[in-house]
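Could you put together the complete structure from these sequences and hints?
Those protein sequences? They're chains Y and F, same order as listed. Its first residue numbered -18, the first sequence is counted upward by one per residue in this note's numbering. Its first residue numbered 1388, the second sequence is counted upward by one per residue in this note's numbering.
Worth flagging that the hints you see were computed from the coordinates, not collected in a lab. Keep in mind it's a predicted model, so treat the numbers as computed, not measured. There may be inaccurate statements among the hints.
Short derived list, chain Y residues pointing at chain F, Cβ under 8 Å [stated by the list, open to error]: (1) G69; (2) N73; (3) G178.
What the simulated footprint calls covered on chain F by chain Y, stretch by stretch (three residues with Cβ under 8 Å from a Cβ of chain Y suffice, anywhere in the stretch; the number is not a length) [stated by the list, open to error]: (4) 1452 to 1458; (5) 1484 to 1496.
Covered, in the sense of this in silico footprint (three residues per stretch, anywhere, with C-beta under 8 Å from a C-beta of chain F), are these stretches of chain Y [claimed, not checked]: (6) 32 to 45; (7) 649 to 660.
Note that CB positions come from ideal geometry on N, CA and C, so glycine has one too.
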Amino acid sequence: MANNVRLSGAQTGHRSESDIRFNYSNLQQLVGGCNSTTATNEQFYSPDGGVTWTQSNLPTVTGDNRQGDPAVDWTSDGTAWALAVGIGTTGNVVRAFKSTDIIHQVWTFDATISGTQTNVDKPILWVDHCPTSPYRDNLYALWWNNGPTYVARRAGPSGAWQAPQQVSGSETTGGSDGGDIKTNTFGDVFAFWPSEGTKKLYVAKSTNGGANFGTPVEIATTNASFLVPLPAQANRQVLIYISGGAYRTSTKDMVYAIWMDLAGGSGCNSSGNAPGTNVASTCKTRIWFSRSIDGGAHWSTPTKINDQSSLNDQFHPRLVVDETSGDLALVYYDTVSDPGRKKTDVWLQYSTDDGATWSAPSKITTAQTDETSAGADAGNQYGDYIGMTGYAGQYFTCWTDRRNGGAEEIWGASIPLVQRAVTFQLHRDHFGQDEIDAARSQPGGAVIKTAFWVAVDGFTARELGLTGPGSFAAGPTVSFLPSTGLVNNIAPTSLDSTDPTFAPDQLQRFRFGYDMNFGPDDSAFTSFSGSTETVILTTSFQSMPAQSQVTLMKQPDPFILQGASTWWLSSDIRLIQIAQGDTQFGVTMGADPFQFLRDVTAALEAGQGIAGGQSFDDGTDEDTEVITVAPLARRGLSLVSVYNFALARVHYQAASQPANNVRLFFRLLAASSTASDFHADSTYSRDPATYPVAPSNFGQHTIPTPGVAGGQYVTLPCFGAARQDPTQSGVANSLPQLQQDPLNDRNLPATGGPLKDFYYGSFLDINQSAPVLPQSPPAGNANGPWPPSSGVALETLSQAFIRGAHQCLMAEVAFDPDPIAAGTQPFNSDKFAQRNIAWSYVANPGVNLSRNALETFEVRPTDSKGPGDTPDELMIDWTNVPAGQIAEIFLPAVNAQDVLITASRLYGSHRLSFVDTNTIGCVTGGISFIPLPAGTGNGANFAGLLSIALPPGIKKGELYTVIVRQLTNDSAEPSPPPPKLTSPVEGTRDLIRWRKVRGAFQINIPVSTKELLLEREEILLSIFRWIALSIPIGDRWYRVFKRYLEFIAIRVVEMGGDPSRILPSPDGYGGIPGHKHHQHPNPKCEHERERREFTGKISGIVYDHFGDFDGFILELRDGDDRRFYSRESEIENIARFAWVERIVTTVVVDHENRERPLHLILTRSSSAPRRNNSE
Amino acid sequence: MAHSTQSSIWPSIDNQLAASEVIHGSALETLIRDNQDFHKLREEEAHDQLGLPPWLRVYWRKLHPDADYSGPGAGYPGSLSDLYEWMVDNQHLRTPPADVRDPADPRAPSAYGHSHKGPSKGGHYGK
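Set out below in structure tokens:
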């Protein structure tokens, strides 16, 4: 369902009957109005496309006791206009008002436009909005007086209202209450009205801007007349009110009329058959439709648009014709969802073929209204009409709503008019032979899980027979051409939706997932002679075809693999965080990180992936898989240095040919990122002196340099050798020519046949203290050196570059015979891989933000390639995150309103909301799509912050996962022979178009306890506060980082810490009171210490890698675990005893050193307490 | 005082006053008593579902004698129910002060609201 917003504000007085209109010159602006039980009509205004609303009132005019019957519109000068009936004890008149202030809070009386008439009712207002109309900005008002229908016009804002002219004639008897007036793009004016006495509907046309109207033409005969009582509105009854529309082009001259009437047939074809309050009546009301294809001269036989078999009533239809497309949109109340036939929802139907066919109804309201229950305004109930406006693909409707059970309010929604479409979304569009061969030898075989999706838009779940993720078998079959070696005509294996509940009557985007099976042999690759083969993917669903293509590649050269289905988590990349003295792959970390690298890569290569009893492919855990900006780690009571490394495994297979000069370039991105595509001239830049071709006498291969985009460093190369001193003297940009990296520049020998693995490695020196990089690239010297004489201030890598707790790592196999093409993504190439995973801890038990997972990230939307292209989107898979939670996406370069407006235009439904100017709210569950407008990034990546609130019920040990992908457009000429297939929405006859994933990252959210997390969070806060001091105001990261720190500070509070005491510090510990670098804790006298106690049972004894006792784990009474550190053998003995005997134990600690036991108190509850105290 | 046109199909004056919770001595009471000439109405109006009291219909017809009262809507504007609601809530029938004066307004002031100084509506007389 569409997001419902309250236009009228919370009300205690009753509201009913509403009208609304876009400012056609600025679709961000809407004006609306409604009846009010106060003296004057209430007016609404939205400056942001209907997201937020302000309220005001029309002024009172002498002689009026009340106002009613709101009508609104805009002229192109930005003046908002309103009509109302001025109701007095001696008669009614039609009043016009206008508003010209910027925020449309001030309404002034314009004129009484009904002349001498005093028995008027139901004024309708319409402005000729069409820029090409000769009567543009003419205002037309239509109403009823004493029986006949009248029209008054005004020639634009500067004109004057002309005297009313009667447009109905003698054909109209007994009143004509409930008319409409509209124009087409040629300026023709159409006045519609009912003749209550003769039960007919009429239209009269003016071709001279309303100067005069032609003879009325009969549209239809109705079953009932005037008012129809029905159970949902038996008191006020429902008026047979015409809603009209017109659309004219050089080849079309359409006029439309829509109205409510009895359903017809025996027992339901006269006013006396109306159901009244009888909910069991077999007579019901329906929405009727008729059209003219000749400018209103002749009309089609009326039809019922949605004639359900059930006993329900439809009423208050409002029709809109989009002047830019001719599309029709219709809203109305329907009681179909209430077996009691009294509660209503607002439903939408639309037509994109001039009313020949209509979409299935979809529900707009998110809650029902009952105007028959206690508290309702029994006299007015819903009033006589609801509002609707639409232009250029955007639509907004408003209605009387009493979902809160109190007074009637006016609610509204930006409503989707989503084109039905079937579109391929490619998770991957290139597959390498090496990779598939490697996968074939693994469990599961050569099957690429969820290789692509087919997205289906514009349908409800009911229409497609989908009831949940298990309905995937209802999806379309996909075939391949050529299909050699592939399992062909495949069915989907998964299904999800933008609405995880699969609400049956809601428009939503469905996404069917498909696995690609390359079969038991290599024939998919051996069947073609060239280096690549294009495979066409074809499907058809609901009579709509779609097509896409993928590429198969033969590349018998060194390669690096992606994850089988999670290509952003390459299986050939490992990240290592290791403290001095710790051991990985059998190598103990000493003081020389490069020696460690050399030893580890040599050991792994010698063992072909096995070293020190560890396998390169062993499952990784979050504590060591992440790299850290903290330079210190606690080991027992000491703080020791900690180092970050990346390892990469390159595969090579050749009988006799070596592969020379195979280099591995490691790069870090500032945070998690979807902007990882390869561009050797910018984001993945190389030393320009050696790239693309090194001088023959240079004697060195090219080296990567910091990537730059939008005047910012966006990637950072790291090496297996020490960085060159950036302050040494030298000409601009010459620093890379001095940089050595022999560990990552290798000649790979022939393997003699079998595949062999080669290991590369890099020191990720982001936590080192040496200043080596400017905050932003100096003009003309992005690569250095920057000697003191240059005046360039250098900072540490963390200050200058790191902008989050996690960074994306890219690994690029630089092999000159097979270069990586521009735009390549890790899934496109077997030379390019990434490790893009973040671990964001949350606390249990925790309060509020301590359960918020936080992740900074970068995205960079691509430019639209054509007029039919939709913007890039973030596609967020919430996987196992509990549905219904709130996530927020803060993107300072993006206007949240633009995002919401685009989302409303693109999707049948969404769960996005406006949080603030640059923050989009998103309800978790299933899958979410978030449009990514071009924004104001000036070419740089957009910096962002994602926060995900998890519910109170999460438990320690649980792990939640979120996958964020960026979708973008792709297209190609059809391969010969050109299959005659296009995507129905985005496609043209010339190109096939599809969507593909541009980049992705994953966030893992482990649940731990606040006790275990607090110190980590405090250290992070201290280091990040230090980094924040270096980020200039105006930097793309400034606002994101500021908010990030605010959230972390709150997390610290909610984990039991005090962020106000945490100071900026490059190592974290230095900013936390009580911590001293490499020293034992605060030696205060014991009696001065503030003590804390923790009681529970010891659940584990901890030993370090040498087998030495390192502390124990206490399982607290609330189920949380708490880690205590000690190297004392007596503590070990006591802890082991308490552990074996399951004795309740109280650990007393110093408040400022809560991990070190001061006392252990052992309590045996079944007998007299027995205590053992120990320090 | 209006002519006595009461017939069995129309409610008694007491019932009319009670149905509208009329305050004794108010301008509204005077207006109701002045508009009892129900012969101006069609008999079927006694049973239609417009929710408009007969005295208000008579009053409106006198104001607008040229209107077409033959149709199912009986010729009354829908907003007449709003006027009725206002009358019941404001039985002195004095039009409140306005923000704007429209010199072109075609309506004459109501005699009831301007000539009668009835008691103000007490809270317990609310609609």
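Check your understanding: Can you name, in rising order, the numbers of the hints this structure does not satisfy?
Key -> 7
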